[in-house]
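Chemist: Please build the complex by placing chain B on the supplied structure of chain A, with the hints as guidance.
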Amino acid sequence: MNSRTYGQAAAPQGRWAGRSPNVDIGLLLIVGLLSIFGLAALYSASDGDSVLIQRQAAITGLGVVAMLVVAQLDLRLVQRFAPHIYLGGLALLALVLAFGVEANGARSWLDLPGLPSFQPSELMKFVVPGMLAAYLASQPLPPRFPRILVAGLLVLLPAGLIVLQNDLGTAMLVAMAGFFVLLLAGMSLRLIAFGGLLALLASPVWFLFYAQEHQKNRIRSFVDPYNDPAGAGYNIIQSQIAIGSGGVTGKGFGEGDQSRLDFIPESHTDFIFAVIAEEFGLAGALVLLGLFVLLLWRGLRIAVNAGDMFARLLAGGIVLIVFFNVYVNMAMVIGLLPVIGLPLPLISRGGTAIIAFFIGFGLLMSIEADSRKGSARNR
Amino acid sequence: MTSRWKFRDHEAEGRMFNRRVNLVLFFVFLMLATLVAKLVDLQVMQYEYFAARSDGNRLHVQYVPPERGVIYDRAGTLIADNTPVYNLTIVPEEVDDLEATLGYLAGFVSLEADDIETFEDQLRRSRVPYSSVPLRYVLTEEEKYRVAVNGHRLPGVRMEPQLMRHYPFADLTAHAVGYVSHINQQELDALDETEFENYGGTTHIGKTGVERTYEHLLHGQVGYETVEKNNRGRVTRVLERTEAIRGRDIVLHLDYQLQRAAEEALGDYRGAVVAIEPASGGILAMVSKPGFDPNLFVTGISNRDYGALVTDEINTPLFDRSTNPYPPGSTIKPVLGLAGLHFGHIDYQFTIMDPGWFRLPGVSYRWNNWTMRTAIGGGHGETDLRKAIYQSSDTFFYQLGHTMGIDQIHDFMSLFGFGDNLALDINYARTGVLPSRDWKMETRGEPWYPGDTINSSIGQGYMWATPLQLATAAAVIANEGRMVRPRMLKSVAGELWDFPEQHSVPDVLLEDPDYWRYMRDAMTMVVHRPYSNVFRDYGTAYEYTARADPDMNYLLAGKTGTAQVVGIDQSIRSSEDIRVSDLNKDHALFIAFAPAAHPVIAPQIALAVFVENGESGSAVAGPVAKRISDAWLLDILDLDLDVEPAVESSEAGRVGE
Chain A
1 MNSRTYGQAA APQGRWAGRS PNVDIGLLLI VGLLSIFGLA ALYSASDGDS
51 VLIQRQAAIT GLGVVAMLVV AQLDLRLVQR FAPHIYLGGL ALLALVLAFG
101 VEANGARSWL DLPGLPSFQP SELMKFVVPG MLAAYLASQP LPPRFPRILV
151 AGLLVLLPAG LIVLQNDLGT AMLVAMAGFF VLLLAGMSLR LIAFGGLLAL
201 LASPVWFLFY AQEHQKNRIR SFVDPYNDPA GAGYNIIQSQ IAIGSGGVTG
251 KGFGEGDQSR LDFIPESHTD FIFAVIAEEF GLAGALVLLG LFVLLLWRGL
301 RIAVNAGDMF ARLLAGGIVL IVFFNVYVNM AMVIGLLPVI GLPLPLISRG
351 GTAIIAFFIG FGLLMSIEAD SRKGSARNR
Chain B
1 MTSRWKFRDH EAEGRMFNRR VNLVLFFVFL MLATLVAKLV DLQVMQYEYF
51 AARSDGNRLH VQYVPPERGV IYDRAGTLIA DNTPVYNLTI VPEEVDDLEA
101 TLGYLAGFVS LEADDIETFE DQLRRSRVPY SSVPLRYVLT EEEKYRVAVN
151 GHRLPGVRME PQLMRHYPFA DLTAHAVGYV SHINQQELDA LDETEFENYG
201 GTTHIGKTGV ERTYEHLLHG QVGYETVEKN NRGRVTRVLE RTEAIRGRDI
251 VLHLDYQLQR AAEEALGDYR GAVVAIEPAS GGILAMVSKP GFDPNLFVTG
301 ISNRDYGALV TDEINTPLFD RSTNPYPPGS TIKPVLGLAG LHFGHIDYQF
351 TIMDPGWFRL PGVSYRWNNW TMRTAIGGGH GETDLRKAIY QSSDTFFYQL
401 GHTMGIDQIH DFMSLFGFGD NLALDINYAR TGVLPSRDWK METRGEPWYP
451 GDTINSSIGQ GYMWATPLQL ATAAAVIANE GRMVRPRMLK SVAGELWDFP
501 EQHSVPDVLL EDPDYWRYMR DAMTMVVHRP YSNVFRDYGT AYEYTARADP
551 DMNYLLAGKT GTAQVVGIDQ SIRSSEDIRV SDLNKDHALF IAFAPAAHPV
601 IAPQIALAVF VENGESGSAV AGPVAKRISD AWLLDILDLD LDVEPAVESS
651 EAGRVGE
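Going down the list, the protein sequences come from chains A and B. Counted the way our numbering counts, the first sequence spans residues 1 to 379. Counted the way our numbering counts, the second sequence spans residues 1 to 657.
Check each hint, because a few of them may be wrong.
Stated by the list, open to error - With the Cβ distance kept under 8 angstroms, some of the chain A side facing chain B (calculated, not the full set):
1. F99
2. L183
3. L184
4. I243
5. G244
6. D257
7. A277
8. A285
9. V287
10. L291
11. L294
12. A303
13. N305
14. G316
To be verified - Have a look at the derived ranges for each label pair, beta carbon to beta carbon:
15. A:G160 <-> B:G107: 32 to 42 angstroms
16. A:N227 <-> B:E117: 46 to 56 angstroms
17. A:F209 <-> B:D114: 44 to 54 angstroms
18. B:A37 <-> A:R220: 20 to 30 angstroms
Simulated from the structure, these hints should not be mistaken for laboratory data. Backbone N, C-alpha and C define an ideal beta-carbon position, used for all residues, glycine too.
One chain only, chain B, in its complex shape:
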């Protein structure tokens, strides 16, 4: 166009361009070579590695927790089951403004400071991204509805269903059945490798009572599933599944109705009842009152609720009175009486003159027949063993104890399970104290003094026993020496549970088996021997049991006990001046079995009643025991007891005359 174009060497420019294109092609070839080489490296050389990585990204093996076995009572009533509940959870990664979300939720879901605190604690811990964090357990119907309706305004907030342990009778079974709660680190550390694997998907574990003892039966076997998850951790499909094996359902000897009756019989008192089926050793009822709501522990008890339970120093609802020891008081007299007969220190004709007190030879201290401190004074007069039982003469047993000595007392009482835990599946039960020379030297570093024996002879001093032990002793007496070790578990899957060690404790064999009958009759008189014109010749419990129920159609054998609250010296305690606060009042106890001396029916129930600060074994604990025995024999078993009951009853009465 212009003159300058004429000087352009178009051919040279074309050749130069082509050279440059060739140069470019060389580099293009290099670039392509690197691309292909890298692709081959990734897709051929390292294929296996990346294929595995890809599967590792998406495939996750997760635990399928087994459903926990349920617990039935002997009549088939569910006392621990699993109910579906809905928990409110939050996936923090999906929430824009956590504070605003919590504030909004608080508008229609009850959120306590505790809930928020626990939630924030969990947020601070390391966790899998996009996993949900629980905020509130067990939403109410109303809350579920409100959350569902407002769901679109609550991204990241979910309601997750879960099977939650539930105790329909709440505080009634709290101590005996126990409860499950969140597994803690300590419990995880205690599991061996196999168990640890088995608990991979499990959130709760038995903490107390039967739930803890039979954790291995109730828990079940963990299952597995292989799932595919996307990069937000959400499961897109389940590829493979090994079902979990449900925990085993168990049946207890416990009877819910008797448990209820025992709890009601205690009324407003604190205390404990243990009832045992003498034939089997099965525990029919085990009550510690007051109880607490175990369901609170399942969902994670709030600090406020827990604080309330712990700081209640008078009622101590978390303290299981049925398996903790107290001074047994006079309730051990039947056992000591049998010991006296067995070792030949006394016989049926043996009597003492009871002045109302006892003095060791050469010792000025007088042991009073202290339960009679408010009475007119004096003693029981001429007293044989039978009278010493139904009138509960301390003097008789002071003397008998002194004669026998602590060694024989210890050896004989240990046959009945004192100082030991004979229960087959209540390993948390305390053993109490059955004192001996060795025991005192070991624990106190002091030799045994004769005065110690005197105190022990009426179930005071160093002697401590649990209501469970007392009930066991009552069962052995009812069985005339046949030892039955107490147990909670009755059957699993319809088959009676076989405890291999159930016969490991020998029966109690006496010199003369008639001693059993003798003691049974003496104990029957405690309840049934009526008033007569003879001074102090009635059963200590008669007034409040047999006399209060003229229609009573069976015999109840029992023994009252009124135990001094430890810590107050007997001399002070006996003083009239001291105003004794409620907490210093004596404990009231009663052991019993029934029906006693029935021609056809063997004893169906043996029990121990402990009433804390109940003051009187005869007036308070006795009626409680009778009500429980009534409930079992008449209401629950509905026995036909009227087979010549009049004869039996009058016979028992006659014996006492």
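So here's chain A without its partners, still in its complex pose:
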């Protein structure tokens, strides 16, 4: 009853079974709406820069294609090749360290001949949960301590390599992606609490002895932006002014004074949420937040309904890391968290990051399709 057949599709049954492509209409709809929201925000933030918009639209289109292609993959193949993909990812990270190109202070770009330049670290946000899900699901759950240690190593290795690229934000996301899989896999809550306590105790040590000056400034300006309003505190102050002045209904599309007059820093990328909150107000911000909650909801449904632990852990890891990314970005922009260089998924301008997210959603669709086959088989 639990025996599985890989690759071959089961006999056609029901409306959604058979050769019909693996597409989750709900997910597609949510992702599509978010992308449109993103393009509109970018249009306004860039003052109608048509080259930028076209490029973003093209990347989004490419992402949708990638998503639909990945959705057709057999989940068992993904599971079997997860270690290979993981090792490939590590190799790319190593390549970045050797030949990477620097942009905005982070040396995270790989410019391989014949390929457009891209950021391998972005892909690791989904490669690492994939690897961890495959590793943990291969044994009964919850994992025992030695396996947790191995899993920790599997997470820390790529995260460490990304830290070396000086991209702390992405490294943290990759680490969190691993953590989410461990959490869903049933890792002891005591252990998590203990780890959290350890981190809490270690953080002052980090701040005093290891943190770089710009990181310290970010923390300081988070505590009191007005300590240095023209310097370290400038971004968060201007961002809050933009959001606050948006009010309930916003200033209107293209009418955001703070964004139009370039007071919002990084308005195309990390701080694009400030543009949205200024122009569309609390209403617009809640609509955007609502779409992300729907995405989370849909993703968790897929995870809960998945046929086996690998699928569950992978789906849960993907959807949680996307939501966590959204939360960290928004919390940073409104001043709940220190400034961490993280873009807003699907909304911020980006290349590899957007494609990576679509690949993640493609995996969700693949999992959803797999679970339908599974439930069909179980009948």
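Modeler: Structure of chain B alone, referenced to chain A:
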């Protein structure tokens, strides 16, 4: 698949997963709650605050400086206007390599060490980010072109247009009209609150002359505009604008052509000319030579240029000779003569025997008739007041002065404005010294000695007067006592300017008004009394004025003056041995008015000429005065003076015979 799978409790793992998902959902709910709470806090609770902050970011009220009123002369010639110029400015924040940019600019824009120094000074001061800092003012056409062509290689470098004060006649009007220059902190501190606000956008302020006196008329009313600026301080649009009110255009009594004529008449001499319209008191010309180019001060004079002006101790171009005092010498004799008549010490028949010197009773010191030191010797013989004027007898006035005493001299001369500044709108003019017993006790702590009176009687000693005061006295004599206070401003917006205090100084009323005619005739003889076979009986100025111009068709009343340069004792000065350097030469003076004794036309001009180290009032200052009077009457006013001129002229001549 493998045997181990068989031992897995998939249902338990599924339940555990669902519990973990619920746990996650709990945290997700907390996270969402914090996000929404913070958004509500920012966008609802603090909306007003942030909306105001947002407006504060982008909206800026800035001053719109008013355009300065222009200055016309009485004929409508612009003597101070505003011309558009282009200044080279740099926005330091937009320049990558400032040194390289300056080096590159120096290739085709003239940049002096001063320019760079001033620029770097301003860079060091605190300033608004992304505001431009001036580097060079008033680019030439060639420089403008080169900067424009190379603009793409010069990020942050701009050419900014500005209306700049311009004085087309440069040094000709430098002292009388004055100039504007950058406001300094002291001047800002002197402004009251309203004025300070009114000067919010103003960069220049009147520093000297008319520009300073009428700053309140010329400046105008500041305007405001609300603009939107981006985060680099660049204006993206103007939202609201209250126009500035232009300063008022003013018309001066000054006549540019007469000013030019006076300046040219002085030739290569240093000196001053003040010409007054006797009817109005309007100043027709006020020249101090040499002048300087006031335009240099408008753009900010370089240290080198300023140093050159300041260190020129001989020419002292920044020193206004027209309003600074000198010993007036014999030019005050007409006033003293009138005093003698008025107080009854002398009459028309009164004469003295002039031996050429004067001695106080009981004093061995001899006051020489020192202007005649090189002459054959002796005196003027029998001398009445008229002769004492046209021959300029010192002895006569030594005696008259001694008789009158300093108190009467002081009281009478003060009626003509000596020792005081009667000018209505030249408040920077000096008052000179009209000595008195009190004055000497106050300033010197010494009592007045009779010898002091003797010196004062010929405009020497403690007596100091400005060319402006001398011209005023000449105007009062021309007006036969009617006092006209000198003034620069004629009209504003087509309406004659009304000085409320213009009649506050009383007219000079003499015991017998005929004394005026008498003195006018005596002064006319200074210029017109010809040589005769009588020894020393011609006008002192005759040789170089009337005689030099046989076609002269009007009468000029005048008085020569040759004033000793202070600091050299008279005994040394009189010595033949001393080689007197140019700077020790006597000052030459002349006061005059014309036409005198014309049956129809009242005097049109009263003037004072001061020639520094000119040596001779008759030979140097007299001809200067005549040339100016010619220019005014004949060239500029173009008067028809030939109404029976022969009769008048011969009459004047006859009187003297």
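Chemist: Compare the structure with each hint and give your call.
Modeler: Hints versus structure:
1. F99: The hint is violated - F99 (chain A) has no Cβ within 8 angstroms of chain B, the shortest such distance being about 29 angstroms.
2. L183: Since chain B brings a Cβ to about 6 angstroms from L183 (chain A), closer than 8 angstroms, the hint holds.
3. L184: Holds. Min distance 5 angstroms.
4. I243: Holds. Min distance 5 angstroms.
5. G244: holds (3 angstroms)
6. D257: holds (5 angstroms)
7. A277: holds (7 angstroms)
8. A285: holds (6 angstroms)
9. V287: violated (12 angstroms)
10. L291: violated (13 angstroms)
11. L294: violated (12 angstroms)
12. A303: holds (7 angstroms)
13. N305: violated (10 angstroms)
14. G316: Since the shortest Cβ distance to chain B is 7 angstroms, the answer is holds.
15. A:G160 <-> B:G107: 32 to 42 angstroms: Cβ of G160 (chain A) to Cβ of G107 (chain B): about 54 angstroms, so the range 32 to 42 angstroms is violated.
16. A:N227 <-> B:E117: 46 to 56 angstroms: Cβ of N227 (chain A) to Cβ of E117 (chain B): about 37 angstroms, so the range 46 to 56 angstroms is violated.
17. A:F209 <-> B:D114: 44 to 54 angstroms: Because 53 angstroms falls inside the window, the suggested range holds.
18. B:A37 <-> A:R220: 20 to 30 angstroms: Given range 20 to 30 angstroms: holds, Cβ gap about 24 angstroms.
Comparing the model with each numbered hint stated earlier shows that hints 1, 9, 10, 11, 13, 15 and 16 do not hold.
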